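First to last, the protein sequences are chains A, B and C. So in my numbering, spot 280 of the first sequence is number 280, and the numbers just go up one at a time. Just so we're on the same page, my numbering is the position in the second sequence counted from 1, plus 1000. Just so we're on the same page, my numbering is the position in the third sequence counted from 1, plus 2000.
One should not assume that every hint holds.
[Unchecked claim] Mimicking SDA-like on lysine to any residue, the simulated pairs with C-alpha atoms at most 25 Å apart in a straight line are:
#1 C:Lys-2200 to C:Ala-2097
#2 C:Lys-2123 to C:Arg-2227
#3 C:Lys-2123 to A:Thr-122
#4 C:Lys-2123 to C:Leu-2043
#5 B:Lys-1056 to C:Glu-2037
#6 C:Lys-2162 to B:Ser-1086
In short, the hints are calculated from the structure, not lab data. Note that the coordinates shown come from a computational prediction; the quantities given were computed from them, not determined experimentally.
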Amino acid sequence: MASVQYREIEGRSGAYLALLGVLGALVLAGLGAAWLMEHEGHHITGMTNRIVWGTPHVFAVFLIVAASGALNVASIASVFGRELYKPLARLSALLAITLLAGGLAVLVLDLGRPDRLIVAMTHYNFKSVFAWNIFLYTGFFAVVALYLWTMLERRMNGYTRRAGVLAFLWRLVLTTGTGSIFGFLVAREPYAGALMAPLFIVMSFSFGLAVFVLVLMAACRWSGRSLGDAVLGRLRSLLGVFVATVLYFVAVQHLSNLYIARQHELERFFLLEGGVYTALFWLGQVLVGGVLPLALLFGAASRGALAAAAACVIAGGFAQLYVLIIGGQAYPQQMFPEKEVASSFFDGVVASYAPSLPEVALGAGGVALALALTVVALRVLPFLPASLADADVDVLGGTA
Amino acid sequence: MTRIAAAAILAASLVLAVAADAQQAPPARVAAPVIKIEKGEACVAPADEMRRNHMKMLLHQRDRTMRQGLREPQHSLKGCVECHASRDTGSVLGKEGFCSSCHEYTAVKIDCFQCHTPLRQAPAAARRP
Amino acid sequence: MSPERRQFLAWGAAAAAGSALAPGLRLVELAQARSPEEAASKLQRWGLLIDITKCGGCDDCVTACHAENGVSGHGRPETDAQWIRKLSVRDKRTGYAQALPLMCQHCEHPPCVDVCPTGASFKRDDGIVLVDKHTCIGCRYCVLACPYGARSFIHEAVSGQKADVPRGKGTVESCTLCVHRVDRGETPACVEACNRDGGKAMAFGDLNDAASAIHRRLKSEASGQIRADLALNTGVRYQGL
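Chain A extracted, bound-state conformation (with noise of 0.2 Å):
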């Protein structure tokens, strides 16, 4: 096994501190929109009482799915013993803990009393999904910085396996409980079942993975360390077998939906006439975030093919979570099967629900305070390999 030589960035360019101010103006305009609606109030945002989460929510979700799948490289070299993974853990599991920290604090400000978190941390009701996630964030913190520990401190190294598959199986249970936010909403048709938590894993997977290369490329590329096309091309066919496996899962979904005639209402807004979602389906998730990451991936080796289709696979995410969270609510509730339905309070109409600038830039905010993190972890601690280039990494381990 060769050993790896990790090593902080410099960080002393114009050019890093240029990116660091960047992320630095985004999230304090996150932070000043939150400021916003906290004062104001929500009636400033695009969200009514019939859309209750909206930007925000797409924004957190994508966050806190993507932490637990950038969490998968390092699974796949600490679990599973792939020993070309094994100089990518750390950084994967350093994305788990940003990205996570990202979503968070939107979803955390987005609250109508961002004031009274401390209520949320010492009030618990335990029937709550919302609640056990609570603890499942909490300690996916505590449990990927101990496998960190395990990678960093050299003395520590013989724990990494075992700390390595408690973090894997921790963010197994945490995405369920993510995808059961939605899965146990009796009342909506469009997230009841049970198919929300195995959904929210796959698409983990290959929200991560995609982060996870982006952000790997642009490490390397400027830090200027070499980037063999061994460990690209694994990640290639990884992150083409997780696409894939996304795509099924939502074809499955809509299929079983569309032998049930009580769905049928439902599959013709999603699939047909929905307007804005049914755009966001067919163009944003299935066409850019499926089908054109998989001809990328599969019909081109480049490396801009496969920073192409990552970035497909972050955009097509953010359009499947946009149609799966705001136009699951604006989707009327059924009441009243076979009748039609009219009110003041909008029952029976698809709700209206316009993003609003508020919001985008709280969402946004998450995601450059995310990057932003790591930023500053790569500078201060040893998170990147000085060289992935093919003749430093185990090419031969890997296929083992």
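Start from chain A and add chains B and C according to the hints.
The following block gives chains B and C in isolation, referenced to the frame of chain A:
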């Protein structure tokens, strides 16, 4: 015996010294709270206990009322407002409001009146029969 | 029944007998009122029975509710709160049209209570589902979970609240079954308005009390629940659905 007397004298002089010191202190930058009690003879507990513990009483009563439907008037926020609202503004908030002037002085944020009304209610006779 | 309680009732009965001729004294309601020192009890389950064949075109229940509870809007229908609303329901094939008032259904197994992370959304012992605004963090998960769209999120600062009905920005709220009136032994404002000015379609009472009118009607007449398939055992029942 003399020792005890000496100690007592010492203590007394100390207290006097502290009191004198307090009188000579420069005027505070923050205006002292205005405490105008508009209605009623006595509060539900002596003033020093109320100063120290009114928040505990309110918290206790809040959970009893909210969770169990126990609406004892003694420690209810409604009761506080009823007696302590200003005669001019009808409110416990505002510049010389009973709640706000003290809370501003001590720099303790009150969260009650984001939801609860700070205004004394119209007399019961005005309610529809 | 404790001796004190019995004594209290005896005094109450004596006082009532002594002033039986006093005009406007509502003996029935006074007899039902709990004393402020008595907690809501599991022995009771408050509920509504709504006969929608009698529910016409008026919205007196809505007006009365919002006046009683100080629920006023800002002229923004998408974000303004609604505790009760009138639904028009029309059969897609036959065109048969009905109207009904819809509010929190005060479920025995409320999904909003299940999902609330802090326990702010809770069910009182007597079956009334409430939001404890002191611990509500404004996550809106309950709004998503409610099958009836009964909850509203307060999107902007509120002023002019009623003393009995605190409401504030950033928290979730819904019909309280006029809990402050119920605790005084009165009926909810919607029911009072419906029986005074409307179609006399709404009745309020203790579903558990075998002697109550609502209990007897539920026992002898057909009634149903909205989304009975979810088996939530709602406290609000409908006739003529």
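Hint by hint, here is what the structure shows:
| no. | hint | in the structure |
| --- | --- | --- |
| 1 | C:Lys-2200 to C:Ala-2097 | holds (19 Å) |
| 2 | C:Lys-2123 to C:Arg-2227 | holds (19 Å) |
| 3 | C:Lys-2123 to A:Thr-122 | holds (20 Å) |
| 4 | C:Lys-2123 to C:Leu-2043 | holds (14 Å) |
| 5 | B:Lys-1056 to C:Glu-2037 | holds (19 Å) |
| 6 | C:Lys-2162 to B:Ser-1086 | holds (18 Å) |
Taken one by one, the earlier hints all hold for this structure without exception.
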